[in-house]
Amino acid sequence: MKPPALAEWLLARAIGSQACADAVVGDLHEEFVRAVDAGRRAAGLWYWTQAVRLAVRFAAVRLTRGAPPAPIPPSPGDSLMRTLAVEVRHAVRALRKRPVPTAIVVLTLALCLGANAAIFAIVDALVIRPFHYPDVDRVVSVTETDPASDFRRETVSPANFLDWRRQSTAVQQLTAMAWWDVNLVGRDEPERVQGFQVSADFFGTLGVAPALGRGFIASEETMGAHRRAVLGYGLWQRRFAGDPAILGQTVNLNGEPYDVVGVAPSGFDFPMGAQVWVPLAFDAKAAARRTARYLTVIGRLAPGRSLEDAQAEMATIAHRLQQQYADDNRDRGARVYTLTQGMMDEGLGPILSMWQASALFVLLIGCANIANLLLARAAERERELAVRLAIGASRARVVRQLLIESLILGLIAVPGALLAAHGGLKVLVSYMPARIARFVPGWHDIDVDGRLTLVTIAMAVGTALVFGLLPALHSSRPRLAEALKSGGRSIAGSRNRLRRTLAIAEVALALPLLVAAGMSARGVNRFLNGPQGYNPDGVLTMRAVLSEGRHPDAAAWRRFADQAVDRLGTMPGVEAAAAANVIPSIAMGQSRDIEIDGTPLPEPGRRSSVHYRVVTPRLFDVLQLPIATGRAFTAGDREGSQRVAIVSESLARRHWPAADPIGRRMRVVGGEWLTIVGVCGDVVHDWFIDRRAPTMYLPYEQAPAGFMAFVVRTSADPANARADAVKAIAAVDRMQPVFDVMTYRELLRDRTIGLQYVAAIMTTFGLFALVLAIVGVYSVMAYVVTQRTHEIGVRMALGATRADVMRLTVGQAGRLTGVGVAIGAALAVALGRLIEAGLLGIVANDYRMVAGFGAILVASALVAGYLPARRAAAVDPVGALRSE
Amino acid sequence: MADAYLGEFEHIVLLAILRLREDAYAIPIREEIEAKTGRSVARGALYTALDRLEAKRCLRSRMSAPIAERGGRSRRYFTVTPAGLAALRTSRRALQQLWQGLDEVLDV
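Chains A and B, in that order, are what the protein sequence lines are.
To convert, note that position 726 of the first sequence is 726 in this note's numbering; the numbers rise steadily by one, no gaps.
To convert, note that position 72 of the second sequence is 72 in this note's numbering; the numbers rise steadily by one, no gaps.
Don't read these hints as lab results, they were simulated from the structure.
Watch out, some of these pointers could steer you wrong.
Quick list of the computed label-pair ranges, beta carbon to beta carbon [stated by the list, open to error]:
1. A/V92 x B/T37: 48 to 58 Å
2. A/L107 x B/L18: 47 to 57 Å
3. B/R89 x A/L45: 40 to 50 Å
4. A/L45 x B/T37: 41 to 51 Å
5. A/G39 x B/G72: 48 to 58 Å
6. A/A38 x B/R93: 18 to 28 Å
7. B/S64 x A/G242: 20 to 30 Å
8. A/L107 x B/Q96: 51 to 61 Å
9. B/G72 x A/I104: 21 to 31 Å
10. B/S40 x A/S266: 40 to 50 Å
11. A/R13 x B/Q96: 42 to 52 Å
12. B/R89 x A/G39: 43 to 53 Å
Glycine included, C-beta positions come from ideal geometry on N, C-alpha and C.
Only chain B is shown next, with the shape it has when bound in the complex (with noise of 0.2 Å):
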């Protein structure tokens, strides 16, 4: 699904799971987020944007071993599969395209 059309927040989400490469679960995915952006993320919208990706197939998952400190469950572990790095891909391309020559505009 290369042409699949990513939104402004599932972007963000896709990035910071590339960001974070190995350690991709809920929480520093969320703390990755806030960190960069500076904006705050609430849990149940992060949940949403991550089962919307993963329905889109632009993500995979797995469940890891059970962990004491988690009362014995599993941590869901994100990667991002080909079609998400191509989502990725197309966005970038587009918003480059459409920046180009905006930079006096804007002031940047």
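Isolated chain A (complex conformation) (with noise of 0.2 Å):
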């Protein structure tokens, strides 16, 4: 049992001398041992504090021992050390002297650092190191890449697939993943897993081994011999109890029965929350296929070989190919990534970067803020900085203290900052439903940790350097006279303006950061409460993707929709149901090109696709999707009556711009003409891309499809139907699955949980920045009447009322903010442009608010500047005349 070694590293430094520190390391490891017995936990927790308590003492005593008690400059024989602990000494001195304006900027530095290493440790957790296998630096995605762009990742064919794992030398281990999510009926009631088909070097490509059992081996990737399967180790706990005797049993997956050969590793769900994984095997007929590309592939490193030789052989490789295999692979590369960003998601860096930038600003707002604080302290010990000078202290010896008070400062507040991000991040990660979580790897591993706690560290001195270099130059400058006399008013000018530079920038910074929270937040509203096309209120929603073994064909489909729909239509309380290959929001879709009759079909590419569905009659009654024209699908409409297709008014306008599309016909390319029957309204399927996208609809008897997502229109509600409706599908087909059972409105918070978390986040940085701009505007307000309290004084003898003093006071805070609204205004403008172009897409660039929170901010800084407008007025001039 050994104590957290690197707090016995810190102490062991910290004491210094060798002998000494073996005493006191030696007997915390002797406590140590003995608390143990309490419990591991808490007896880390015990020997850390002691360490850090012991090591912060004694470091104390080295550095100020034998130190003279006062801050004498040291003479020229001091060491660098000695002469520094001093200034330390000194520095915590003049901190402590003056606790309020220590506390409010220790505050603000802890919030703005906070914000900034909560963001940090997102892109840390996701970005840079999302994964944590073993000498991970060597696992490498392989991709083939689009003749369009050379830079897009794409999935890679079998064939092309084998070819590369024969003939690369560079990269080993090649493994091949293909998405297959399956029916599992076992024991209990059946259930839809995320399972992977993999090459059987799958584990060991990522260095893992399995928990119990074993991997693949290469003869399981022959079709006959491949129905095995490892278990996820989640899964075998909660649906097989842990059993270590499921080596050797069976489950059935889709229907057919697989050999447990293993189970892996907890925690392990590599990749997207995979729970099962089954061996990747290929008949003669797949083995060969180069165009149908499906596969993800990942390879390790050869001993040795580097990321480049990879790339350059896979490059050498994929050449080859071109020209052996001219009209499938036609331009067709090959591109090798690291994992991590091989399998990072494409959208994630902008928003990501948004997110980082928009904590700089908040931390360059923080710094202006605590500028200006330093600034207000800076003019109180004027008088203590030029004597000091003029008994000889060196600039940059003034500069140096005055440095290092801001660096404590910094430090001071890593803590607080540690633990805002640790707040924060366990909101932020606990609020992302598990279904989405899985597909974000690292997302569990997000919290403060070493790494962080370091960059922390980095970012407070850096900070600190940012907003403590201004004032310290700015007050060392030597200027005797002015300072040691009297009054010394002829320095205040400077000074004054650089503080009112800072809230001016402080405004400015603020306002964009307001309007781009305005903006997301806007944007989510829309794409949770704005209009879809159809209502999403009081419905239930759930998905099913029937096994092939037990419905094998379209009968069987169209049997086991028509019951399923007839048992959910009847449940008590339910006012409709039907079922639709897909509905809209869901995570998938289905187009096909079509062919208008009487319009000669363009070439392949330029031709017209549309969202394909097909759906149960009730389903326009059940999604309240009004019918503009026309009728929609009844019963009548089957197998073998006439085909006919309801399109949607966009899909309508599209093709019969002037026309009634009613009666007329189209088709899809290659399929059977089908006659228009109805128009719909048109629907959201996904507002960054397709908010009123071209759609037909068929009748599902018509066109029936094995997978289906079922609605149902209860009315109370829908929440409390799921156990119904989970047990209405049982009742057909007990060892059929059904997964997704939610309402329509979690849907919809699913699908936009992104911009939601943009938005939570922009809004929070948002008001960080308002309340930090006030308090900016507040303080220079003021630092400024308590200057002016003289010459207020003589306005006031000389016969200025009391709303005079008033107007002047609360005018100048309103002549700082308005310059500051003007700047941040053309600023928001051009960064509302940004967001509007590349971001949101349907959130346009919105001057009313732009407006809007610039009134917001001036009217703020005029409450700011009344409250000591109002202490001005109350001035009695005979009193503030004498004061001098």
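Two chains, two frames, some hints: make the complex.
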């Protein structure tokens, strides 16, 4: 049982002398061993606390041992360490003398640094190192490249993968993975689980050893020998009660028996939250396919080979394959990425950089604020600094002294920052539903750790330099004569200019942040509550993919859908039920190229592609999707009756802009002609890319599909119908699992979760910025009023009224903010354009919002100016003049 | 340094070391003080006091052989030097003089 090594090391370093360290660290070790009986965790915590306390004490003793009690400039013979120690002690004393400003600075810094630390933690966990496998730097992801764009990551065809694996020497253990979510049938109710088909080397490539049993062997990549499975640890615990006897038993996946050969280690769910893995076996036909690209390929760099070697070799191999298979592989290259790059969601980058940028904005505003406070403090200490300069301290030395103070402020703020980051991250992580979090590698590792602590300390030091340097340089300017004179107001002019500039900068930075926050909040609101084209309230949804073994053909699909919709529709409290291949906002789609009767069919690539939906008759009722003209489907639209279709208004507009589409004919290219019987409203399928996409609807009976989503409109809260709905499907086929059972509102929430995060974080930052900016304006005004007490007294003695004085002060606050808002508005409009163009797409740049937030800023600043103004107006002219 | 002036805590530490005889290293010293005086002692304060007493030559320390349950580190055993004993004697005498005739005031 060993105490925490880092704590031990820190303590030993702080003590310094070897013998002394041995005794002290040994004592603590001895006591730790005793404390462990009370619990390992508690002992670790205890050890840390004691070690840090001792370390601080010893360090302090060492630094100050023998130092003179007063900050007398040390003689040139003194060591640098000794000099520093004196300065540190002096700085600490200076900070303790003014507890309130010190507390404000530390709090501001803690929040600003905390925001940055939190964002960095997210970037670190999701982008920099989402995977924690041994030697993960050596694991690579190999993709095909698209002829159109060299840098698009494309999935790989089986034949190309097999050729790569045979020919590559720089990348070993090439492993392909194919998405395979399956119906698991076992001792309990059936369940949809996330599975992956993987090559035999899969576990070896990642350097992961199964917790139980084994991974796959090469012979299991052959058809017939491929019915083996490795279960995920969670699945094993949950469904099989962690029974080790599971090895050698069979589980039923998609209606077929698979032998369980292993259990993955706890926490392993690569890729994408996989819960079960089976060998990826190709039959001869599949192995020869070069145009069906559906494999994700990873591998391990051979010892001594670099990523560049691998890239060069794969390029050569791909080039050879291009020549060999000129038709299928035309312009198809290959690219090697690190695993982290290769598996990262391409959409994540811009969002995260936006957050990081906003966090930096907040930090900058915080810096401006703190610089302001320090300037005010420097004014109070003007005389002290002047004296030090006068008796011979060099300017560098005074600057150093002030910087040390800033540095100490920064470091004191670090624990608070980490605490704030920890709290914020906990909220962020827990808000994400598990069903989505599994697609984000690294999501659950987001937290404060040693690395983040180091980064935060570095940020604190950097920030301290930024906010400390300006006031330090400014206050140490050698203008002794003025400062030493008793009035000393002549310096105030230039310092006030600096302070005003800082306050203006704060306002100017806050406004764009507020506008960005407002825009993203409005975007989310539109996604969630804007017109969807249908009514998502009061609807329960769920999905099913029919097991091939049990429902092999179209007739079986029809039977199943018919019975399921019937059962769901007759549940108590249900108004109507329907099924469709795809429902709006679901995370999948199907589209087809269409041909219009009487119009020549264009070349491939220029054809009209539309959303393709097959639906049971009552879908339009359940979703309250309005039929504009014509009719909805009826039970009469059956197999063998006239083939019909309903088109969306956008499709009708695209192909029959001037005429009535009812009665006209269209078809899926290569399919049978369909007669249009109705036109329905447009729906939002995806707020980003599919807002009013042309859509065709076919009767499910005439074009059945083996997968479907059910929608059920209930008279009460749809969430309460979950259990009954699952039972209704089980009554049709008790081996058929359903999944994603949730209300339509939940579905919409899931779909927009990324943007909700953007909005929540931006709003937090925006509010931060607002508060900081107002505090900034307030502190400048309060300071200015204090400084002008004398002047105000003179004015009032000469007949100025209280109202005049108020006007003067509030007016100054207003002018300050006005300038800030004007600059900020220009920035906000530019930023708004960026957001409009790049990220959200649906939120128009809104000048009213810029104006609104600008007005809020000005109003708050006036309030911030009013408080000191009231104080100014209450000045007793006689007292003010006498104060000189 | 027979005339070394002892602070209250130093006084207590020296007495605790004397009571422990052969077994006086930091952990038992701290425990002894806490047990007998009923007040808790910060580890850092004790180490500082021990160092200070050694600097005043009231204490001498030696390192033991490495011990496994301390992660192979040595213990630092303390003994009170003749100078330390003299300082204690001086303090005790001074206190006794001052205490004389005060018992009924304090009602002990």
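To see whether the hints hold, each was checked on the structure:
{"no.": "1", "hint": "A/V92 x B/T37: 48 to 58 Å", "verdict": "violated, 31 Å"}
{"no.": "2", "hint": "A/L107 x B/L18: 47 to 57 Å", "verdict": "holds, 50 Å"}
{"no.": "3", "hint": "B/R89 x A/L45: 40 to 50 Å", "verdict": "holds, 44 Å"}
{"no.": "4", "hint": "A/L45 x B/T37: 41 to 51 Å", "verdict": "violated, 27 Å"}
{"no.": "5", "hint": "A/G39 x B/G72: 48 to 58 Å", "verdict": "violated, 25 Å"}
{"no.": "6", "hint": "A/A38 x B/R93: 18 to 28 Å", "verdict": "violated, 45 Å"}
{"no.": "7", "hint": "B/S64 x A/G242: 20 to 30 Å", "verdict": "violated, 49 Å"}
{"no.": "8", "hint": "A/L107 x B/Q96: 51 to 61 Å", "verdict": "holds, 54 Å"}
{"no.": "9", "hint": "B/G72 x A/I104: 21 to 31 Å", "verdict": "violated, 48 Å"}
{"no.": "10", "hint": "B/S40 x A/S266: 40 to 50 Å", "verdict": "holds, 42 Å"}
{"no.": "11", "hint": "A/R13 x B/Q96: 42 to 52 Å", "verdict": "holds, 46 Å"}
{"no.": "12", "hint": "B/R89 x A/G39: 43 to 53 Å", "verdict": "holds, 46 Å"}
Violated hints for the displayed structure, listed by number in ascending order: 1, 4, 5, 6, 7, 9.
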